[in-house]
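Novice: Take a look at the letters that make up each chain.
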Amino acid sequence: MNKFIRVDMTTLNVTTDEVPVKYVGLGGRALTSNFVADEVKPTCHALGKNNKIIFAPGLLSGTTAPNSGRISVGAKSPLTGTIKESNSGGSFSQKMAKLGIKALVIEGMPAGDKFYIVKIDINGVTIEEAPAEILGGCGNYKAIEVLSAKYGQKVGIALAGPAGENRLPSANISFKDPDGNIRSAGRGGLGAVLGSKKVKALVIDETGAGAVPIADPEKFKAAAKVFAKALLDHPVSGQGLAAYGTDVLVNILNEAGGLPANNFTAGRIEHNDCISGETLNATITERGGDGKVSHGCHPGCVIRCSQWYPDKQGKYITSGFEYETIWGLGADAGIKDLDDIAYIDRAMDDLGIDSIETAVAIATAMEGGLLPWGDGKAVLEAVNQIYEPTPLGRILASGTSVVGKVCGLFRVPVVKDQGIPAYDPRPVKGIGLTYATTPMGADHTAGYCISGNILKVGANIDPLKKDGQIEYARAMQIGTAAVDSTGMCLFVYFGIADNPGGYQALIDMINAQYGIALTAVDVDKLGESVLKVERAFNKAAGFTNAHDRLPEFFEYEPCPPHNVVWDFTPEEIDEVYNF
Amino acid sequence: MSEQSRKTIEVRGFLHLDAVFRKKGTIPLIMGLEDPITGIELAAKLEITLDEIEVIFVNGFVQELDYMIYPGDRIAFLPPGCPGPYRIALGFYGKNKSNESNFKIKKKE
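So the protein sequences, as listed, match chains H and P.
If you're matching positions, the first sequence starts at 1 in my numbering and goes up one per residue.
If you're matching positions, the second sequence starts at 580 in my numbering and goes up one per residue.
A few of these clues could be false.
[To be verified] Per the computed footprint, the stretches of chain H lying under chain P, defined by three or more beta-carbons under 8 angstroms from a beta-carbon of chain P, are:
{"id": "1", "segment": "239-249"}
{"id": "2", "segment": "357-370"}
{"id": "3", "segment": "461-467"}
{"id": "4", "segment": "491-502"}
Read the hints as simulated data drawn from the structure, not as lab findings.
We treat Cβ as the ideally placed atom computed from N, Cα and C, and that holds for glycine.
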């Protein structure tokens, strides 16, 4: 990958250069965050001309490495005001890598109101006016159909949906998956940044491109085989996720008393059976038709944690029906009907809004009296108002923090204005430290992976006690930043955390592709350096340690059934980034 | 605690054990229990093999398989397959070391 492409939307000019030397060894989140830190003014307005948005494949994207097809997108976030990296499945990353594109940057801002399509193929990049039929409230499913018909059924597409066109802070970037459905770079409002630059979509066609060059093909093949085996032998990545999806966590977190319910006023619900992964699996199996219990979000995925959820007649409703979305609507907002939740999930994909942020915002809106508790039909009607958008639609798509302010609430579950996801930080304290300190704002995926000996940090953790939690949160964030930088799906965690051979195989693949000699220590150092770069950007943007705090209500509202509060001191929280 | 719950326990099973338990009756299963019993003994009563259980929950806390269960307790059996860092955050790694299903990578031919 030797091309570094800049699309200047002020002049509608495109330049293609060699990759700057300092970025040659970087991919995924390491590349996007270093670039944003280097070129984006930290104090700029995220929707103004000085923000830049960068798309980058991972180091192994485009190869046969299993689960290597994630695309990283980086910019300053309009939701949090921090640096942001958000990643997604789909086929966009692999097509970029096959075309030899290390990064594509969109900068500047056109003067008029026209929206554009950025088309990328083997001949370069062109900028065209967007078809009128996909603008002004056209949903993503239809827009993908229109663009696929115009540019080819196999093209990759990245979209700003109706929420992105309207520059709403929860807007995501939606990616076409191999079946023409939708995956999302969900968190942080990067779809609004794309919309602010008047880019409706990026379309990529790798026709005519060769294979991604590998320095040592035999070593690569051998390492890829070991890596695939590490994933498939593991009971989580090889069996559990494929059968039940991430929604398997509903019953587990509920039993642990850590499933936030009714806008974070409880940690357990009685209707968990209505929304559990086990019920999801049984419903899809029973209904048949278009339903699929297991499905991969990008070519080369061997874990296949996604699924197609059908209606009672077996017709497809939605895919990638994730735990955090089902939790947010089902437990935090109290909607008991899985079909209602599926239709809302579909609408959020179609609108291009973050389903976690929006679900948390909906539960907050229920507490604020804007919506009736647990009413799935009313929620769908309200979410559909984002297409226009009506004032209520704008409020909901502006995220949890805005909804909390509009409703005059103190119980507003956010960190750095990003909604707290599906794990209550009072009875699951280690996750709380990650929510508080990650440069991304409250984000469970910021502390998802670990690369060293897991037992060093995980052996004696008691979820309700402080012991070991600081080390846990630190190690998880470093490991996650490293894996995000390879472009791998975070679920490779299972094959590398519990199997040292799997972790070495991941490094061996990178070394074989590039003809280099990275060690595990180097990869850990990469993770640390990414976090330091991101934190330095945030500091320059005005963030201090005082922003690394959970909302105060967690300190004085005990969470039943364990009835514990958040009790880390500011000094203890600040220790997480003492490395 | 009601008089009935002094002599019974609530039992749930997750992942594939959810379907297994549903064939035995309504979830949660309400089982009579007069005297304390270990998780291993309870698994045997329910005809669950030990390699199907990574940890058990007892009253909302992750425990080892030989943890003592008393009348009135709420129990859940969790097979290997819980994803995410939550297995660490919820304390699985300190509780599953001596299990047959302790999450070591199984050798597959």
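Novice: It remains to establish, for every hint, whether it holds in the given structure.
Specialist: Quick rundown of the hints versus the structure:
With a threshold of 8 angstroms between beta carbons, the proposed coverage of the segment 239-249 of chain H by chain P holds, since 8 of its residues qualify and at least three are required. Against chain P, the segment 357-370 of chain H contributes 0 residues with a C-beta closer than 8 angstroms to a partner C-beta. That does not satisfy the three-residue criterion, and the hint is violated. Coverage of the segment 461-467 of chain H by chain P holds. Counting CB-CB distances below 8 angstroms, 3 residues qualify, and the rule asks for three or more. With 5 residues bearing a CB less than 8 angstroms from a CB of chain P, the segment 491-502 of chain H meets the requirement of three and the coverage assertion stands.
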